[in-house]
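This is what each chain is made of:
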Amino acid sequence: MSMNRRQFLGLSGAAVAAATLAPGLRLIELAQARSPEEATTSLHRWGLLIDSSKCADGCTSCVSACADENGIQSHSRPATDAQWIRKVTLKDKQSGHVQTLPLMCQHCAEPPCVDVCPTGASFKRADGIVLVDKHICIGCRYCMMACPYKARSFIHEVTTGQKAHAPRGKGTVESCTLCVHKVDRGDGSTACADACKKEGHQAILFGDLKDPASEISKRLASQPSTQLRADLKLNTGVRYQGI
Amino acid sequence: MRTVNLLRILTSLVLATGLALASFSSLAHEKEAHATGKSGRVPMPVLNINTDKGDKCVQPEDIMRRDHMKFILHQRDKTMHEGIRTTQYSLKNCIDCHADVKTGSVLGKDGFCESCHRYAAVQLDCFECHSALRDASVLKNGAATAPPSAVRALNVSQKKASEPAKGMKP
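From first to last, the protein sequence lines stand for chains A and B.
The opening residue of the first sequence carries number 0 in numbering that gives the first Met the number 0; numbering runs sequentially from there.
The opening residue of the second sequence carries number 0 in numbering that gives the first Met the number 0; numbering runs sequentially from there.
Note that these hints are calculated values from the structure, not bench results.
This one's a predicted model, so the numbers in the text were calculated from it and none came from an experiment.
Any given hint might turn out to be false.
For lysine to aspartate or glutamate, the following DMTMM-like pairs were computed, each having C-alpha atoms within a straight-line distance of at most 20 Å [stated by the list, open to error]:
#1 A:K181 / A:E37
#2 A:K169 / B:D124
#3 A:K162 / B:D61
#4 A:K169 / A:D186
#5 B:K77 / A:E36
#6 B:K69 / A:E36
#7 A:K162 / B:E60
#8 A:K196 / A:D186
#9 A:K123 / B:D76
#10 A:K209 / B:E81
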């Protein structure tokens, strides 16, 4: 069957109309779990929304959950131990108001760590997750210097007991992967968000920033939120509320 | 002049017998090694693997012997950069079958990967970062899997033992 340009355009228009019933309501849902053989696409952008007003002072369940999930072990040397997520305490000097918040890789849309990487090891996946390809990483640590959030760690020591889904090795740089193995599995959550929910704080919300129907997008659209160091115009995937 | 020639002939004769004897003894040694499954200098690779999923690898053996690293390398980039997590050529899939039935690891004296890579004198870098242990849930019959700490200790001792072989890049 041959089809001229006009017929083709008409048909494809009808197909688009059929797939979209109303704004925000689609026949073909974007948030469907990907099958293992499908590559990630830019139809999604994964991110976190962190409400620091719900983050409890002294609670570190997100930090320990991250360590458990990704097999991060302490060598009892805090200066050099790997740290994918850390609790930061903010204090207003005038009022004395203290609040805490979890800080991790902000999964920037314009990541400085990717800009400076000399080997291409630091990269951003199509779905917005910023990762280190440790096969290519030479451990130069330029990315650690470039990151305004101090989100990356260098592995100084021989590692043992790694998780099968989170390989880690001496001489490479690493940071929060946004639990990429869980994302690829279609879990729809991260270890830190799960732990925070379990503690009953619900300060961390994981979701698809590009899906207008997702809870994270709805909250971002209806409530005020900020990016850390918004002046750098990095368009972070991790957003904060209550600071 | 004549004495010099005689001396020469004598030395060559002694050398020839020596060489013949040496080659004979090494031949006998090799035969013995094959019979016992051990080699004189380098231990033979060990194949003591989990056959729950069948006894066929993902490709015929001759292809796997030559090209297993090509498959893994290709898969590595696909998984890392595109998030494609098919299991056919994934390292995890290799380990789930090929890990030693007793230790649950592909490393160690009887580990499939390490014993063969040692035999072939090819350095094995994967497990500096990747876990060498089988997912415990894979074994159907619940065969004994050593506690991770024991295997870790084994890995470290093996690493120390194999250190002099470093620099032997493929």
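### Query
Taking only the CA atoms, is the gap from K209 of chain A to E81 of chain B under or equal to 20 Å?
Satisfied, since the Cα-Cα distance of roughly 18 Å is no more than 20 Å.
### Pairwise hint evaluation, D61 of chain B against K162 of chain A, where the allowed Cα distance is 20 Å at most
violated (31 Å)
### Query
Given the hinted pair K77 of chain B and E36 of chain A, is their alpha-carbon gap at most 20 Å?
holds (10 Å)
#### Entry: K169 of chain A paired with D186 of chain A [C-alpha distance capped at 20 Å]
Judged against 20 Å, a Cα distance of about 29 Å means the pair is violated.
### Query
Given the proposed pairing of K169 of chain A with D124 of chain B, does the C-alpha separation stay at or below 20 Å?
holds (12 Å)
### Task
Assess, step by step, whether the Cα of K123 of chain A is no farther than 20 Å from the Cα of D76 of chain B, and give holds or violated.
holds (14 Å)
### Task
Sort out whether E60 of chain B lies within 20 Å of K162 of chain A, counting only the CA atoms.
Violated, at about 29 Å.
### Query
Straight-line Cα separation of K196 of chain A and D186 of chain A no greater than 20 Å?
holds (15 Å)
### Message
Check the hint pairing K69 of chain B with E36 of chain A against an upper bound of 20 Å on the C-alpha distance.
### Response
Measuring from Cα to Cα gives roughly 19 Å; hence the hint holds.
### Task
Given the hint that K181 of chain A pairs with E37 of chain A, test it: the Cα-Cα distance must not exceed 20 Å.
Holds. K181 of chain A to E37 of chain A sits at ~15 Å (cutoff 20 Å).
Violated hints, in rising order: 3, 4, 7; the structure is consistent with all others.
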